[in-house]
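Sequences and hints are given; from them, build the entire structure.
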Amino acid sequence: IFIKVPVTPAGLRAIKVLKKEGYHITATAIYTVIQGLLAIEAGADYLAPYYNRMENLNIDSNSVIRQLALAIDRQNSPSKILAASFKNVAQVNNALAAGAHAVTAGADVFESAFAMPSIQKAVDDFSDDWFVIQNSRSI
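When you read off a place in the sequence shown, starting at 1, and then add 88, the result is the number in the numbering used here.
Derived from the structure by calculation, the hints contain no laboratory data.
Be aware that a few hints might be false.
[Stated by the list, open to error] Quick list of the computed label-pair ranges, beta carbon to beta carbon:
#	residue 1	residue 2	range
1	S215	E109	51 to 57 Å
2	N223	P166	54 to 60 Å
3	D217	K104	57 to 63 Å
4	A203	E109	27 to 33 Å
5	Q163	E109	20 to 26 Å
6	I221	H112	48 to 54 Å
7	A201	K168	40 to 46 Å
8	K92	N223	51 to 57 Å
9	Q208	I91	39 to 45 Å
10	R162	P97	23 to 29 Å
11	G194	K104	28 to 34 Å
All figures in this text were calculated on a predicted structure; none of them were measured in a lab.
Even for Gly, the Cβ is constructed at its ideal location relative to N, Cα and C.
This is the structure:
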């Protein structure tokens, strides 16, 4: 179980107290590198930068994630980046490419990854080839 705590001055104090008490923490509402760095320093297990919300504010989401990933590596921190707030698969791909360790997104975002007609065509082609070779649609 992870407790979600927004990265604010009060939230950072809460993260430190909760970590001392043995709780697992996801630092949320991250929009800036400095928020993430402070959450790492406070001991957050996961950092949750809000990808789409940053984009809506003209903040370079990929740069924020990349800088946080570099800081985690440099400091040998156990913190991980759990990117959140996605509206499409491209954003998920970009967050992972920028260095996010994991993502959280709605089922609709992941379902849209398979909505390409070319995917179904490839499946149909394989099925047709199997039928020609085996004279059967099942294995």
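Evaluation of the provided hints:
1. S215 / E109: 51 to 57 Å: With Cβ atoms ~56 Å apart, the hint holds.
2. N223 / P166: 54 to 60 Å: Distance hint for N223, P166 holds at roughly 56 Å.
3. D217 / K104: 57 to 63 Å: holds, 60 Å
4. A203 / E109: 27 to 33 Å: The hinted range 27 to 33 Å is violated for A203 and E109, with Cβ atoms some 45 Å apart.
5. Q163 / E109: 20 to 26 Å: 23 Å Cβ-Cβ, so the 20 to 26 Å window holds.
6. I221 / H112: 48 to 54 Å: Given range 48 to 54 Å: holds, Cβ gap about 52 Å.
7. A201 / K168: 40 to 46 Å: violated, 22 Å
8. K92 / N223: 51 to 57 Å: With Cβ atoms ~56 Å apart, the hint holds.
9. Q208 / I91: 39 to 45 Å: holds, 42 Å
10. R162 / P97: 23 to 29 Å: holds, 25 Å
11. G194 / K104: 28 to 34 Å: Cβ of G194 to Cβ of K104: about 31 Å, so the range 28 to 34 Å holds.
This entry does not satisfy hints 4 and 7, going by the numbered hints stated previously.
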